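Student: Line by line, the protein sequences give chains A, B and C. Position one of the first sequence corresponds to residue 1 (the numbering used here), numbered consecutively onward. Position one of the second sequence corresponds to residue 343 (the numbering used here), numbered consecutively onward. Position one of the third sequence corresponds to residue 754 (the numbering used here), numbered consecutively onward.
Simulated from the structure, these hints should not be mistaken for laboratory data. Please read these numbers as outputs of a predicted model, since none were measured by experiment. Built from N, CA and C at the ideal position, the CB exists for glycine as well. Among the hints, a few may not be true.
[Stated by the list, open to error] The calculated DSSO-like cross-link candidates involving lysine-lysine, where the alpha carbons are at most 27 Å apart (straight line), are:
1) Lys512(B) - Lys567(B)
2) Lys510(B) - Lys551(B)
3) Lys497(B) - Lys558(B)
4) Lys648(B) - Lys54(A)
5) Lys703(B) - Lys551(B)
6) Lys489(B) - Lys512(B)
7) Lys510(B) - Lys727(B)
8) Lys497(B) - Lys551(B)
9) Lys734(B) - Lys551(B)
10) Lys656(B) - Lys489(B)
11) Lys567(B) - Lys54(A)
12) Lys512(B) - Lys648(B)
13) Lys464(B) - Lys489(B)
14) Lys234(A) - Lys931(C)
15) Lys234(A) - Lys935(C)
16) Lys558(B) - Lys54(A)
17) Lys464(B) - Lys54(A)
18) Lys567(B) - Lys734(B)
19) Lys622(B) - Lys54(A)
20) Lys727(B) - Lys558(B)
21) Lys567(B) - Lys727(B)
[To be verified] Stretch by stretch, here's where chain B covers chain A in the computed footprint (C-beta under 8 Å, at least three residues):
22) 153 to 164
23) 284 to 291
24) 307 to 321
25) 329 to 337
Spelled out from the first residue to the last, the chains are:
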Amino acid sequence: MPHRTFFWFILPSALAMLVFIALPIVSIVVQSLYVEHDRVLVEVENCGPFGCSKEVRVDAAATAELQREEPLGRFNGLATYTNRNHLAFDEIGAAWANAPDIAEFAGEILSLPFYRALSFTLAYTAVVTPFVIVLGFLIALAVNMLPSLLKGPVIFVSLLPMIITPLIGSLVLFWMIDSNGVIGATIQALANDPALSLKASAPLTWITLFVYGIWHSTPFAFVVFYAGLQTVPKDTMESAMIDGASTFERVRFVTLPHLSPLLVFVGLIQLMDNFRVFEPIVGFNAEANATSLSWIIFNDLRGAGTPLFGSAAATSTLTLIGVSILLTPVLIRTWRDFTRKG
Amino acid sequence: MTIAWKTAITLGALGLSTGVASAACGIESGSVRVLSNDFPALHDVVEKAKECAGDGVTVTANQTAEHESLAVPALSANPAEYTSHFVANSSLQPLLSNDLIRPLNDYIETYGKNISERQKIKIGDDVMVIAFDANAQHLFFREDILKEAGIEPPKTYEDVLAAAKAIKDKSLMAYPLTGTYKAGWNLAEEFVNMYLGMGGEFFEPGSAKPAIDNEKGVAALEMMKSLSAYMNPDYLTFDSNSVQAELESGSAAIANFWGSRYGAVVDDEGSTPEIAGSIKVAAAPTVGGGTIPATTLWWDGYTVAKNISEADAKATFIALDHGASAEMANANPDAAVWLIDGYEPGPGAIGVLDSMNQGAKPYPMVPYMGLLHTALGAEIVDFMKGEEDAAKALADTEAAYSAAAREKGFL
Amino acid sequence: MTAQTSRKAPILAILSTAFIVLWLLLAAFPFLWTLWGSFKVQGDFFSRQDWMNALSGTRTIAETGSAFTGQGYYGAWVLNDFWRSAINTGIVTFFVVVISLTFGTLGGYALSRSSFRYAFWILIAALIFRAMPHITLVSGYLLPFFQLNIWGYLATSIVVLVAINQPFTLWMLHSFFKSIPKDLDESAMVDGCSRFQAFRMVIIPVMWPGVITTGLFSFLLAYNDFAVTATLLTQENQTMVPKIASFLGTTQVQGNVMYAVSAVVSATVPLFILVLFFQRQIVSGLTAGAVKG
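Work out the full structure, taking the sequences as your base and the hints as a guide.
Tutor: Written as structure tokens, this is what we have:
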């Protein structure tokens, strides 16, 4: 396709992404390199319904003066990235020097907020992604074999886990898995352990979140694969059948290769979405046992009255880098496909 | 929630309440645009203020839980999107630090004759906020269960522990205590309560240096840990809704819980009359030999934005003064513990008022308190789970806070 | 193929049916539970004493006099104007889907037909863009939007949602277009069509299955969005999900969870209709031999 035609075709889409995503990303990366000016603090007497007290406040006029001179703040280089709330180089160094053994060292590192979040994020991504792909594919195959009259209702029901707002979906599920809830009580009865609680221990909370993630995302993989299955060329399938290929062989040698671009696509999207896991943590009140990178960003922006833009920007940039690393193998594959086709 | 205020909201949302009473407020013209959190007391104030709408005066509101993230950018624009932001002790600081609200002294002198002295939030000499309601966490307890266990209502947290033990020993309840111990903001708030009850200071005087890593901090954490032993093992996931449900279902007998939830706890929804009828309130307990209740006092109040026209500022002040009036307070006596003169407190207000009278401290109004609060919410979780000791948790909190405070330019 | 497979391998058919039934149970149970519970009071559906209360309706009977109540629906739709949010959501989702798909099909088609390297890099960039957590982006929009005085309008949210959705749409449609053989449009161009004419006459008729599937996801994104709509819309323009969230209350004050539950159940009805409708489109449109390899 010539450059000119390509340009006009891609323009609307590219423009939207440029203005609303690319520019903000640039500003976010720049912001992560700066910290705010030293606040000019003054002590004043504050009074209110509950009496008076000497308290400190920011001298807004003096601080604004500083800001006018350098609107971005003080240049801080990568120091925000390496401070304790992010990559924590100093703390890791200290832990390495002081910890008696590897287990202790690992424990120290996992008590740092960034690494604690990273460990859950990675575990979640590694567990949920393959399950979603495999389950979605199997369901698509199975649904494809159903009589067409049943397909509509079955597709709708299969989509339910995805279309219910996670906000409420997780709220309802959170109550269902409570030790007094229908699922929680059933599990207690099955495990014959009346003190079992899915919310109290870290491993069980993690497993709960994994299961929720798989349950929530499988419909996505299913729909994409199901749509893809409709395009499997009939004649190839028929000739495979005439050649005496078993069902398994047909899936392995005809269906799978045909769906491989979609497999890559679902894999990419799932890796990325799972790496950004956030809503279930909030929905399941799981902050005590599981945090994710996106949750840290949320906590920086919304946790305190004053949002920590620089810190959130640094974590966001680290998320981008993390996703890029995670996607590299898939990208290399895409690159090969791309050059081969080209 | 009564049908009455729901109807009021409905009418308000439909824009039917553009009454003709603007003459009563005495505003000639102007636009009043309110940004606030989303709960009944604030709805009541705004509804009353809407009476001032009419001829050349408009009163609109955006009442949303997202208000804190909107406030600074919305008021930074010129003219500001909103002419008033309703704030609490914790959310005032960002507006002050960015110089987004105006002093109200002159307006009070001219138009605010009914505003009592205790409603004025003074920063130095300037009145920046007019507070209209108060809230605090205080004691909720089951009178019948305590009687059965043969103990008096607790006055101190040491009493609370003894009561919990007695209730558990008599097998009246498996988990007699409950509390908003959800990791994050709630858990940190519990620490703030307890630490203030111990008589602690959060920062070194006159600076942003943290000062919680001391015996009082350790004692506060140890007390929280001891209490948690009598709580449902899921306690680190318990927010206000869970705690309310625990109380209403009769699963727990004692909690230090939000006064603003009193009405919902004792109403006829979600509980049996026997349980709801025997839930009583009192001031928050003291702790560790301290003399003041281990809780923090909160207020809500209105501000007037800086980047707006004089006419709008005037209209806003007058309309909100009308909104937060004694008439409004007495029409909605259970919506909040109003600070407005002439308001007759109901039985639900005892917990908050007693805590106040016994000298409980307000939530600290320093600009970097929010950062410390966030750090606490994340870092003391490991201690509560028993994975590290109290001193380490406090040291970690200080380290996390310092990194954030450096970024904000406070250290 | 369906008939043959089931005749040849009955065991496989049984296994696969059992698998589907199991999956449907897992997928539907929480929803059915919610549907059932939406006619109860909070004390039953969220019972701390015994989950059996949600089935028997003990508290519901005590509080309302019958085992089922429409209070939640009445509260959400009549007392809290949920219909208003429903209309807003309708507007937002309609425009987001239409604009996303228009932009996405053009872009995705171009990307699938270009062999230059920049096409690959655009795809990669789009992917990286998608990795940015929405909440960071949205926080960055606030100040400029307030300054430009475009904050709070449905149109602004629509544009933002379209942009945020673009990387996904682009990737998905690009994958679909790649499965449509190049010869199809190239032969049209040999016959004298311009690129756009070829796109219009040859590609558009066969692209619907992919577009509809992509549209479904654009729809879900706009329909379920919270991060963007909760912070970028005024109260009058609020869409359903933030409205539902506002039923949940705050730390200090109890909300009305049953309104939220009923609202969620109502919100799935249009989805049900849409899916049933487009399901037929997907299947019939495709098996009619859209793609001839």
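Student: Indicate, hint by hint, whether the structure satisfies it.
Tutor: Consistency of the hints with the structure:
1. Lys512(B) - Lys567(B): Roughly 22 Å between the alpha carbons, so the hint for Lys512(B) and Lys567(B) holds.
2. Lys510(B) - Lys551(B): Violated, because 42 Å separates the two Cα atoms, which is more than 27 Å.
3. Lys497(B) - Lys558(B): holds, 20 Å
4. Lys648(B) - Lys54(A): holds, 25 Å
5. Lys703(B) - Lys551(B): holds, 20 Å
6. Lys489(B) - Lys512(B): Distance of about 12 Å is within 27 Å: holds.
7. Lys510(B) - Lys727(B): OK: Lys510(B) and Lys727(B) at ~22 Å, within 27 Å.
8. Lys497(B) - Lys551(B): violated, 33 Å
9. Lys734(B) - Lys551(B): holds, 18 Å
10. Lys656(B) - Lys489(B): The hint is violated at about 56 Å.
11. Lys567(B) - Lys54(A): violated, 32 Å
12. Lys512(B) - Lys648(B): violated, 60 Å
13. Lys464(B) - Lys489(B): With Cα atoms ~45 Å apart, Lys464(B) and Lys489(B) exceed 27 Å; violated.
14. Lys234(A) - Lys931(C): At roughly 18 Å apart (the allowed maximum being 27 Å), Lys931(C) and Lys234(A) satisfy the hint.
15. Lys234(A) - Lys935(C): Satisfied, since the Cα-Cα distance of roughly 19 Å is no more than 27 Å.
16. Lys558(B) - Lys54(A): holds, 21 Å
17. Lys464(B) - Lys54(A): holds, 11 Å
18. Lys567(B) - Lys734(B): holds, 15 Å
19. Lys622(B) - Lys54(A): violated, 35 Å
20. Lys727(B) - Lys558(B): holds, 20 Å
21. Lys567(B) - Lys727(B): holds, 9 Å
22. 153 to 164: This one is violated; 0 residues, fewer than the three required, reach chain B with a Cβ under 8 Å.
23. 284 to 291: holds (count 7)
24. 307 to 321: Holds: 4 residues of the segment 307 to 321 of chain A have a Cβ under 8 Å from chain B.
25. 329 to 337: violated (count 0)
Of the hints listed earlier, those the structure fails to meet are numbers 2, 8, 10, 11, 12, 13, 19, 22 and 25, in rising order.
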